[in-house]
Amino acid sequence: MRGLSEQLRNTAKELLREKKVDFVIGYAPGSVNVKTTPYFAFTPEEAENLVWNPLCANILVTYLLDYRYDDVKVAVAVKGCDARAINRLIHDRQLKRDKVVVIGLPCRGILDADKIAAKIDPRATITDFEYAGDNIVVKTDKGDVSLNRKEYLLNKCLVCEDHNPIVADIVIGEPVQGIAAEDNFAEVKQLEALSPAERDAYWEKQFNRCIRCYACRNICPACNCKECCFDQAEPQWLGKANNSAENHVFHLTRAMHVAGRCIDCGECDRICPMDIPLRKLNKKILKDMKELFGIDTPGKKTEDDNPIGSYRLDDPDEFNY
Amino acid sequence: MANKTLKKDQVVSLLNKVAATYQLIAPVADDSVVMFKPLSSAEGVVFDYVNSVLPPKDYFFPQTEQMFKFSTRNNQIVINPPDPVKERVLFGIRPCDVQSIIAMDKVFDREYKDTYYLDKRAKTTIIAVSCTEPLPTCFCTSVGGSPTSAPGADLLLTDVGDVYLVEVLSEKGEAFVQKFSEFFGNENGEGAKKAEVEKAVAAKFVRTTSLEGVKAKLDNMFEHPYWERLARKCLGCACCTYVCPTCHCFDICDFNSNGFEGERFRCWDSCMFADYTRMAGGHNPRPTKKERVRNRFLHKLKYSWDRYGLGHCVGCGRCSRECPVNLDIYTVISDVKEVDANV
Amino acid sequence: MPMCDNCQNPLIPHPATITKIIDETPDVKTFQVVFDDPEIQKNFRPKPGQVAQFSVIGVGEATISITSALPRIIKENMVEFSIKKVGRLTTVIHELEVGSKVAIRGPYGTHFPYEMMKGKDLLFIGGGIGLAPLRSLIDFVLDEENRDQYGKVDIIYGARSKADLCFKYDLFDRWPKCKDTNVYVTIDREEPGWDGHVGFVPSYLEELNPSPENRVAITCGPPIMIKFVLQGLEKMGYKDDQVITTLELKMKCGIGKCGRCNIGYKYVCVDGPVFSLAQLRELPPEF
Chain A
1 MRGLSEQLRN TAKELLREKK VDFVIGYAPG SVNVKTTPYF AFTPEEAENL VWNPLCANIL
61 VTYLLDYRYD DVKVAVAVKG CDARAINRLI HDRQLKRDKV VVIGLPCRGI LDADKIAAKI
121 DPRATITDFE YAGDNIVVKT DKGDVSLNRK EYLLNKCLVC EDHNPIVADI VIGEPVQGIA
181 AEDNFAEVKQ LEALSPAERD AYWEKQFNRC IRCYACRNIC PACNCKECCF DQAEPQWLGK
241 ANNSAENHVF HLTRAMHVAG RCIDCGECDR ICPMDIPLRK LNKKILKDMK ELFGIDTPGK
301 KTEDDNPIGS YRLDDPDEFN Y
Chain B
1 MANKTLKKDQ VVSLLNKVAA TYQLIAPVAD DSVVMFKPLS SAEGVVFDYV NSVLPPKDYF
61 FPQTEQMFKF STRNNQIVIN PPDPVKERVL FGIRPCDVQS IIAMDKVFDR EYKDTYYLDK
121 RAKTTIIAVS CTEPLPTCFC TSVGGSPTSA PGADLLLTDV GDVYLVEVLS EKGEAFVQKF
181 SEFFGNENGE GAKKAEVEKA VAAKFVRTTS LEGVKAKLDN MFEHPYWERL ARKCLGCACC
241 TYVCPTCHCF DICDFNSNGF EGERFRCWDS CMFADYTRMA GGHNPRPTKK ERVRNRFLHK
301 LKYSWDRYGL GHCVGCGRCS RECPVNLDIY TVISDVKEVD ANV
Chain C
1 MPMCDNCQNP LIPHPATITK IIDETPDVKT FQVVFDDPEI QKNFRPKPGQ VAQFSVIGVG
61 EATISITSAL PRIIKENMVE FSIKKVGRLT TVIHELEVGS KVAIRGPYGT HFPYEMMKGK
121 DLLFIGGGIG LAPLRSLIDF VLDEENRDQY GKVDIIYGAR SKADLCFKYD LFDRWPKCKD
181 TNVYVTIDRE EPGWDGHVGF VPSYLEELNP SPENRVAITC GPPIMIKFVL QGLEKMGYKD
241 DQVITTLELK MKCGIGKCGR CNIGYKYVCV DGPVFSLAQL RELPPEF
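Chains as they are written, first to last, in the working numbering: chain A, 1 to 321; chain B, 1 to 343; chain C, 1 to 287.
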């Protein structure tokens with residue numbers, strides 16, 4: 001995959017050299033060898049630090065919100081799932097399409113850093129990745145490690161529906177195919193099979209662990225309100241105490257606020273320090289909305305079709321508020 | 001007091017007996033997350049973890065803590081203290097976390113005594129356990145700590161094979177050993193074995209830097225463009241501050257349950273939140289991520305030295321592991337050593 | 001091992017009763033309060049410039065400067081707090097009535113260096129609600145017990161309009177009657193019925209141009225006013241240790257623990273709120 005990183009760097013350098021963008025948001029090697037970190041390149045020299053590989057987990061589109069009121073043009077690297085966030089921001093009127101250059105990254109799945117950490121010598125330098133059938137070979141200066149993708153990819157990548165970005169101005173490399181997608185809603189169905197009391201106990205346990213760091217909200221491209229209701233002092237919608245009641249209010253309110261808008265990037269779930277399976281919560285709502293309204297996964301279409309956030313004159317229901 | 005030994009296969013029985021008299025607080029796995037919890041028995045205690053996701057600070061400085069109960073009925077204010085805390089035994093914390101408690105002592109035991117914290121501190125016996133398998137993100141030795149010594153703990157256990165070497169580090173530790181004397185044997189060469197363990201652990205650290213020159217450099221880096229660069233990728237969440245064993249910022253709020261009765265509580269707050277310093281009138285001395293990120297790292301690596309005479313980064317690596325965008329304090333330390341402070 | 005046998009919990013506030021409310025401006029009221037426990041009232045001895053934590057139990061708590069000074073606190077057996085309605089808690093405070101219960105803890109923080117000021121002329125420069133903390137020192141200095149120990153007192157004060165002037169009874173009645181005391185009042189814009197000075201405080205200061213000779217300047221007001229006042233004083237030749245100000249940052253605990261009021265390694269609640277300009281220059285510009 002080194003060639004693709006090279007191609008990405010060249011693309012970024014060209015965009016910066018020709019002043020087509022003010023800066024490029026991509027990935028650089030992280031502080032541990034199994035992670036990358038978001039990286040902002042302002043000069044062609046800085047673009048030299050960019051990489052693209054199966055450790056590039058973070059969604060970068062959310063950063064565009066930091067610049068939404070600025071007069072800047074930004075290039076951003078997006079994987080298939082992240083590309084839906086571009087449409088999300090456009091639908092939510094938080095981004096003008098001509099203010100962003102989308103660098104599309106066809107993606108065969110991202111490795112779960114927590115899982116592979118046990119397999120890769122922490123002192124090793126990862127030099128490249130190669131695909132061999134169901135496996136991915138992590139090449140390092142201390143030897144190669146072959147990993148079964150089904151075992152070591154992020155869960156979300158096993159049910160990926162957009163390996164290739166649906167929005168892109170420039171595409172790095174050729175379109176790819178991932179491994180055969182499993183049932184997208186298998187985990188939701190497991191939860192649905194529980195009794196209400198069991199489900200309640202399940203979420204009670206999960207939410208009790210929440211420390212309310214708001215990482216889930218802050219990384220979420222659908223959480224793009226200028227001021228979040230949870231930050232408002234007057235009126236104060238959510239108490240600051242960490243307890244079951246307030247934590248439920250936080251998570252359930254957030255889930256409803258992103259209902260029909262959540263692009264299912266799974267970032268909330270991946271980055272939660274307390275491993276709360278937030279994606280299951282959002283996926284349950286997505287599943288219901290697909291069944292009730294026949295919607296696509298939000299962000300998939302260029303036009304906004306969110307049944308909760310839109311109103312049509314021919315709507316059979318009254319507009320109640 | 002002389003060192004003791006504790007047979008590994010006796011630890012569960014010891015903890016069970018402890019739980020009968022004290023409140024036992026020990027690491028358990030909540031799904032995949034290792035955290036300290038109050039337990040009624042030793043069932044479920046994990047021994048093979050490297051470090052908990054959340055530090056044990058919750059047991060001295062709870063995320064949400066009642067300060068007092070109140071009633072305002074009949075235009076009279078009645079204030080009642082919270083229910084008293086039981087004597088506790090905190091088992092299994094790591095040397096970095098012991099150091100973090102020393103760091104918090106400096107905050108809460110100053111010109112004003114924080115009685116909530118100090119009461120819990122006085123009622124807690126700390127049994128620390130040396131690390132034998134540091135994580136790739138661990139760097140206690142880079143910030144002056146050690147994986148195998150824990151000044152400030154009451155007892156320190158070190159795995160030297162079939163037994164733990166038990167170092168008795170305080171009177172409280174001594175009282176504990178006497179109270180549960182049937183579990184403790186006399187040292188017989190285990191001290192020498194510990195020296196070997198120490199050597200082996202030291203060699204396992206992937207991260208090795210030092211704080212040399214960092215504070216002096218930071219003294220002149222307030223206006224450095226580094227902070228703006230660093231802050232760009234920060235999400236502004238509180239993850240780093242909540243998993244940090246020395247972060248101690250809090251908010252104070254009233255909960256009014258029925259218009260007359262309720263409680264005043266304090267709860268963790270984070271300097272990474274925009275509203276943390278935003279005043280009621282709208283003025284905010286730290287209005288953007290740049291100021292907030294800078295404040296956090298200066299607090300850990302500079303202000304703590306200026307104010308308390310010790311560092312507020314103990315090298316536990318929690319923020320390194322948990323930060324959603326890999327904004328790693330170890331990288332910051334390394335960067336600060338590298339950058340030209342005069343830019 | 002830190003210990004705390006029998007030490008007082010500094011975070012518990014003491015119940016008090018509002019005995020009088022003075023409407024200063026459309027959004028500022030002065031509350032006179034008396035602690036319910038006479039012992040607490042007797043021992044509440046703030047120094048000029050200190051602050052207290054003011055609670056409405058069940059609503060919340062905020063840092064408020066103590067507006068009255070010691071000799072009067074003793075003589076009249078009550079404490080004054082002038083509070084501007086800016087947020088959730090202060091809105092509730094403004095709805096309180098005489099007889100309402102509040103709770104107070106403190107006093108906290110540093111005080112104006114009134115010892116160092118002895119024998120010197122004093123120049124007070126205030127804007128809006130910023131006069132509230134200055135008033136504790138003005139009252140302290142002008143009290144007959146202390147008046148002879150200080151030189152001339154000049155007070156420059158401004159507000160947006162006549163209605164927004166705080167402590168009108170002090171400005172136009174009480175203070176001008178005191179020995180060697182001049183009060184200069186200004187409002188931002190002309191308005192009917194006002195024949196006094198019109199203009200911003202910093203420009204009035206430059207117009208009056210009080211000499212730095214044996215004088216200490218004490219200022220408090222909105223950040224933008226302080227900024228230009230400090231520049232003006234510097235131009236007039238005031239040295240950094242001749243200029244004193246008091247800062248307002250968001251505070252919660254008031255006792256140097258909760259973290260939010262730090263400027264560099266200093267905490268405004270315990271190392272401030274009163275700072276000399278010389279001290280402020282040692283701190284990062286983050287307030």
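Source of the hints: derived by calculation from the structure; they are not laboratory data. Here the structure is a predicted model, which is why all the values come from computation and not from measurement. Quick reminder that beta carbons are idealized off the backbone N, C-alpha and C, glycines included. Be aware that a few hints might be false.
Which bits of chain C does chain B cover? Going by a derived footprint, with three or more residues having C-beta under 8 Å, they are [unchecked claim]:
| # | segment |
| --- | --- |
| 1 | 11-19 |
| 2 | 143-154 |
| 3 | 182-196 |
20 Å max Cα-Cα, derived EDC-like pairs, lysine to aspartate or glutamate [what the hints assert, rightly or not]:
| # | chain 1 | residue 1 | chain 2 | residue 2 |
| --- | --- | --- | --- | --- |
| 4 | A | Lys73 | B | Glu228 |
| 5 | B | Lys69 | C | Asp36 |
| 6 | C | Lys250 | B | Glu228 |
Comparing the hints with the structure gives:
With 4 residues carrying a beta carbon less than 8 Å from a beta carbon of chain B, the segment 11-19 of chain C meets the three-residue requirement, and the given coverage holds. With 0 residues having a Cβ less than 8 Å from any Cβ of chain B, the segment 143-154 of chain C misses the three-residue criterion, and the hint is violated. For the segment 182-196 of chain C, the assignment as covered by chain B is violated, since 0 residues bring a beta-carbon within under 8 Å of that chain's beta-carbons and 3 are needed. Using a Cα cut-off of 20 Å, the hinted pair Lys73/A and Glu228/B holds, with the two alpha carbons roughly 19 Å apart.
For the proposed pair Lys69/B and Asp36/C, the alpha carbon gap of about 18 Å is at most 20 Å, so the pair holds. The straight-line distance between the Cα atoms of Lys250/C and Glu228/B is roughly 24 Å, outside the 20 Å bound, and the hint therefore fails.
Against the hints set out earlier in the document, violations occur for numbers 2, 3 and 6.
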